[in-house]
Structures are given as structure tokens and as C-alpha cells.
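Please arrange chains B and C on chain A, whose structure you already have, making use of the hints.
Chains A, B and C supply the protein sequences, listed in that same order.
Our numbering numbers the first residue of the first sequence as 22 and each following residue consecutively.
Our numbering numbers the first residue of the second sequence as 285 and each following residue consecutively.
Our numbering numbers the first residue of the third sequence as 17 and each following residue consecutively.
Simulated from the structure, these hints should not be mistaken for laboratory data.
Treat the hints with care, since some could be wrong.
[Stated by the list, open to error] The calculated DSBU-like cross-link candidates involving lysine-lysine, where the alpha carbons are at most 30 Å apart (straight line), are:
no.	chain 1	residue 1	chain 2	residue 2
1	B	375	B	537
2	B	375	C	343
3	C	343	A	186
4	B	375	B	337
Computed from a predicted model, the values in this text were never measured in an experiment.
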Amino acid sequence: MSAQPAARSAHSVLRTVDLCMAFGGLKVTQDINLALVPGARHALIGPNGAGKTTLVNQLTGVLRPSSGSIWLAGEDITALRPDQRVRRGLARTFQINTLFPQLTPLEAVANAICEREREHLSLLQRRLFALSERREQIDEAYVLLERLNLGPDCLRETRELAYGKQRLLEMALALAVRPRVLLLDEPAAGVPEGESDELFAVLAELPDDIAILLIEHDMSLVFRFADCITVLAGGAELVTGTPAEIAADARVREVYLGKAGHA
Amino acid sequence: MATILFDGIAYGMLLFLISVGLSVTLGMMGFINLAHGVFAMIGGYLLVTFTGKAGLSFFLALPLIFLATAAFSLVLEGSLYRQLYRSTHLKQVLLTVGIILVAVAAATYAFGPAQQPVQLPEVLAGQVVVLGAELSRYKLFLIAVGIAVTLALVFGLERTRFGARIRASVDRQSTAEAMGIHVGRVFQLTLAIGSGLAGLGGALGVNILGLDPHFPLKTLVYFLLVVVVGGAGSIPGTLLAAMVLGIADTAGKYYLPEVGAFIIYAAMIALLLAFPHGLLGRRRLA
Amino acid sequence: MKEPPVIPRELLGAPPYLHVLRRRERWGKGEIVFWIALVAVFFLFPKNLLLASQILIAGLFALSLDLILGYAGIVTLGHAAFFGLGAYTAGLITKVGVHDPLLGLVAAGAVAAAAGWLTSPLVLRSNDLGRLMITLGIAMLLYEVANRATEITGGVDGLQGVEVGLVLGLFRFDLLGRTAYLYVLAVTFALFLLVRALMLSPYGLSLRCIRENNRRAQAVGVPIRSRLTNIYTLSALLAGVAGALLTQTTQFVGIEVLGFQRSADLLIMLIVGGTASLYGGFVGAAVFMLAQDRLANLSPVYWLFWLGLLLIVVTLYLDGGVVGGLKRLAAWWERRR
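So that you can see chain A by itself, here it is in the shape it has in the complex (with noise of 0.2 Å):
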């Protein structure tokens, strides 16, 4: 193994340990051992079919793995569902826009601080009283939604925004969580290489505090992003390091059969 950063500690607030994943006899996920510190800014790289998207499926709950373990902040989550993972701070973003297509962006980072809320608001005031009724989580959701530039287009229709716009309202839902750790499922994906600057910019401005882990294909995002980078290759880590050492690491170059930019 490489030289590990100090990643390692007893201090991080996602690790998993050993984690493999196996469809019959295919491994896609090998003993993966990965660690994020909080204010993390963590780039998870490698080729397609490198086992990625399946990774942050075990890590949310969706796949549950052949063996291994996952914590957030020392809690065993390996058993949990994901609706129970996010409750305890874990948030993602699909590489595929999902999102409710007949709700406004403001109903649906609303119903997100709604149910974080949950435990706040009583019987009567989740079960009977109107959303409207709810003030202080809507207006939570519209700050939001402005910050994120989608302010003017907070009651239409979700279907009806532009893809740029939904890619940022797939992001606003995960914040509504108040994450510790995200997960960031190739945010830059389907935008035109001359937009993504407003993604970079959005992606800066994410709270110091929670830890990020992004995956991506988009290497001048990555390498802008990240302080440090894990390559995946065949479902096993191949290295790593920081963005110097991965950039010089000849093996990453292989696996990427040469190719500097975009796999």
C-alpha cells in the first residue's frame, strides 16, 4: 500500500473496512479500506467499470456488501437502511438526475427539512397542519435554493428546468440533509466543459466542516477540487495520495491507457 495520509486516524467520519461486494462470481468492490476526516475533499477516480457508482451504493445503503463494514463517526451503519444512514448525516447526489419530476424545488428541499426536522415538529404539526404552516423549514428550503442560484426558479415545475439547473437542485436536496459526509456522484456529468466553472464554484463553497467525497471523470475538476485522491481499478484500489503523486504515479497512466483527460 502507499503512503496513507493522515486520513487514517481514529478521528475520520466515514471509513470502511474491508469492504468487497460480489455479483455470483464477479468482485466488484475488493477490501476497500477508505477513510475521510472531516472538511475532507476526497476524489475517487478510475476507469469506467471500476466499480464507483457500486461503491457509494454500499456506502448509502442501496447495495448491501458480501462483507466488511462501514462507519460514520464510529457508528457501525453496514446493517442500516438508507433513509436511516441520511438521518444520521449522509448525503449523496446521482450521477443521473433523480429528482421529483412534478414537485417545485422548493417542495422538494422543503419535504427534505421537513424530514430531517422530523424529531423537532410534533404529530399534528407533520401529520395535519398544512406545509405553509411550516415557516421556518420553507423559508430554510428558498435560502437554500438562492444560494444555489435557483431562487427565481423555485416554483416551477422540476421537469421543466434546464439540465444545469436540475444537476444544481440534485445538490441542493443532498445539503438539505445538513450532511456530514457527501457523496458526490459525478456532479459534473453532462455539463459542457465551458459551464463547469459554476459547478467548481458551487462545489468551493460547500461548508468547510463536512466531509466530500467526489467522484468524477472531469479531471481539471478533480484536481482543482480534491486534496486527495483515490484511483479504483477492477473494483480494488490501485492508489492513494495527493494530486502530485497521483499525477505522477505510472500506473494511474495505465490504467487510463495514457489518457490525461477525460476516461
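Relative to chain A, chains B and C alone:
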């Protein structure tokens, strides 16, 4: 005991003949066709008409019924089903329930509400003695037809190119299309064959399953049960499920007549819980 | 130039997005007209009150199905199971000496809700086809049970001689159905208010999220299984109350309350009326039962035929049923102004 097994297998063969088409098309297109029983009913009424008014021989009528029902299914597919392939299951359910209602009304109008008997040809009537047991000739014939059809299907699927296309389309529609297989056409032909078989089954089953205008409704549960328990898209699964159901139902009616249908429904619920993907566990990808 | 809308005092200073949300939650003009019309029916059609009660009951039943079909996307062919359970409970409870109709409703609702809660894991675990089978199977199972247990249920002949007491100790069920109609209307309205409030609350929003995108809802922390379980239970409760109302107003329980025909008719009513609109069930029930009243007696064959045809046409061409069509009409009218 042996007779119950024998009768159960014959009944199971009938269920298989009718249900296999539904299983494959469901597995291929994910299209919930509740009106599949209508094809069987058509087969039954065609038999009544062909051997009655038209005076055709029983054996000549059978292939004609197969072709006629297959042709009718193509009409239905082109005009109605095709519009809902990518639609929700709810809409498919509604459409096909509507078709059932229209079919029931039409059948009542054309043939009246009573059961229709069919005169069996001389050669198939009566019993034959096999290994000391008296077995109905007609049921032997049924089992023979069932085995022949099964062999033909298996051979067709495994050995012919068209069969390979069907298997590919059932396995993963999007990849099949990407490989140049015209899934729509494969589906049409498969639907036609499946419906033709259903018509055949319906015709052969007139004296066993009964034939009246409410046939598609009364038998809906049975066909769905066979398909769901056997696993949509799996021919061996459908055969196995049909056999199990046929024998269980026959045995149930004989040994526990008071409980009757109760057992079937309870068993179905239990089986569905234990095997959500069918008895043979064949998982439909995508 | 339109007059700017008058802003209610408590919203002065509130941001515009709140106005939009509030507007959706306010009682629409159409809604108010609808309920007033229902009261008016009592005075305008004194001779048809029994039919009117039946329509309301069917509407409530359809509303219960809308909860799971329109809001949660669960396709079921066996909702009559809960309707029948409620009907039989209300009937049988009078046989053991409890004649108060409201208590009967409570009992019926409780039994149906319990059944819903117990069967919800089966229903929620499966895919669409499995769900159809299981719901169908459960309904047919109950039908068989009712069929066989003739000493208790009366079998195919039905449960006769259901004696219902006075509503609130004051109002007797009369032969013209006057008490029955007002009773059904009151109960239906009360339950409707509950459902309406529920759907407009954060809970209702989360249900819509589940329906729009199950995966995403889960990814923002919505506990899917538990939400769907309790909406399914509520749906069963409402269906049970509807069944009880039928028993109490007709003093009889026929075995067809558990039959497939009832489940199928219900589905048709809801689809024709329009799903996820709360009113679609009532509209569809009215259309269906009025048509059935006129046509089915002329010729049952024609009725079935046209019903099937209607279903095919509505499914293929009329998305959202009658209410959906009306909404589109209203939107088109708004754009023209």
C-alpha cells in the same frame, strides 16, 4: 391416488399451454396482459363453432384455432397493446381489464351465458388401460399434446435463431436492441405463438375448464398464479408451476372438497412470499 | 388588467413563495360548490336519497383507493377485501347486541385497519405483478371464507336482518333514506377533511415524493416502508368504514361486497374520475353509478360492453379522468383571459 396424479398432470398441461404465452411475453416486455384468458376463451368458442356449425373435424379445427387466435392477437397488439409498452403497469391492467369486459359482453351476446359442451371425436372418448389403471384417453391426448408443445418450444428456443432472439429479448431488452434485434417484431411473433397456444389450450380444455362468457375472469387467478409462481419468462418454471398447481388443485378437490379454493389462495400467498421471483428463482434483469 | 389579489392580513410581509403554497391549500371555489351541492341534493332529490347514499359510499371507497393508488402508486385488485371486512363487522356487531351505528363504524374501521396493517408487508414487498396477485388472492380468500362460514355470514344469501340503532341516539333510519343520506354525508365529509389535511401536510408531501421518485425520497431520508404501511392502513380503514356505511344504510350484507366485481368497478370509478385529486373518486362514482342505474337495467350485456370500451378509451386517451380533463380545461380557460 394414481388417477389424481394423472388428472392433475393433465390439468397442469392445460394450464401450461394457456399460461406459457403469458409468461414469456410478460418476461419479455413486462407487459401485464390480464386479458390473456380471452385468447383461451376464443379458442374454446372457435372449437364450438368449427366442430358444430362448420362441421369440421376436431383434429382439423385445432391448427386452425391456433392460427386464428394468433392472428387475432396480432390485431390486438397493433391496435391497443403497442401504445402502452412503455406505460405504467396500472394502465396496462386497466386496458386489459377493459378488453376482458368487452370480450365477456361479446361472448354473452354471441353465444349466450350458458356453458358450451363440445362433442369429442370417437377416437378420444373413453378410457384406455395403462399399467393396470384406467386412464381417460382424452387426458392422455392432452398430456401428449402438452409434451409435444414443450419439446417444440424448448427446441425452438435453444436451437433456432429466432429462439435465440427471444431469449436475448427476455434476458435484457435494451442490450438485445443494441445488438440489432428488432425486439418489437420478436415480441409480436412471440405474442402470436403464445396466444395461439392459449387458444389451443382453451379449445382442448372446454370439457375440463368449462366454457362460458365469464371464462377470462374466472380463470384469471389461475393463469397469473402459474406465471408468477413459475417466474415470468421461464418456460420450465411455468411448466413446473402448472404441474404443481394442477396436481394440488385436483388433490384438493378430491381430498378436501369443503376447503376447496381456499387452499389455492392461501398456498399462492405463501408461495409468493417464499419465492418472490418464481419457483426456479429466475430473476428478470432490468 | 386584473385586480391584484387581496393578501390576507397574516401573510402581509410574507414572501411570495409562501403565497403560492397557501393558495394551493385554500378551499377552491369548485370544492365549496361541490359540498354545498351535496347538501342541496337532500332537498332537491328527496326520492333518490338511497341512490345518492350509495354514490357517496362508493365515492368514499374510491377515495380510500386513491390514497394508495393515486398517491402511493400501489396497484391493487382486491380492495374489496377491506370494504367487505368493514361491512361484515358492522353487520355482525349488531348481532351481538351493539346497535349504535357510530360504534359500528369504529369497529369496522378498526378491523379493516388491522387487516390492512397485517397484510401491508405482503403488499409492499412485491413488484407490481406480485402485488396484484397478492391483493387479488387475499380478497378471494376472504370471499371463500365468507362463502363457507354460512352460520356466521349467511354465505351467498348474505347477512340478513341487520338492526341498526339511532344515530347519536336521536335519528332513526327511515325508509326514504333521509337519515341515511345525512349520516353518510356527515361521516364522509369528516373523513374527507381528515384526508385533505393529511395530504396537504408535510406527510402528504413526503408521499408525493415517494410516488414521484422512490429512490430520491429514500435518499433524502424518507422512511419509505413505514410511510407506505401507514397510508395503506389508513386506506384500509376508510374502505372498512365505507363498507360499514353500506351495511348500516341497507341493513344487509351481501357477499358481493368481497367480490372481484366490486374491486374492478372501484378501479374503474377512480380511473374515470381521476386519481390523486381527492375528488376524482366521487366524480367517478357518480358517473359510474348513475350510468349503471340507467343502463345496466336495460341490458346487462350492453352495460359490460360499454364499460369495457370506456375503460379502454379512458386509459389510452383520457389521462387523469374527468377531473384531469376539467383541470386542463380550467388551465386553458385561465390562459385565454
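A quick look at each hint next to the structure:
1. B:375 to B:537: Violated, at about 36 Å.
2. B:375 to C:343: holds, 20 Å
3. C:343 to A:186: Given that 30 Å is the threshold and the Cα spacing comes to 28 Å, the pair holds.
4. B:375 to B:337: violated, 38 Å
The structure fails to meet hints 1, 4 from the earlier list, while all remaining hints are met.
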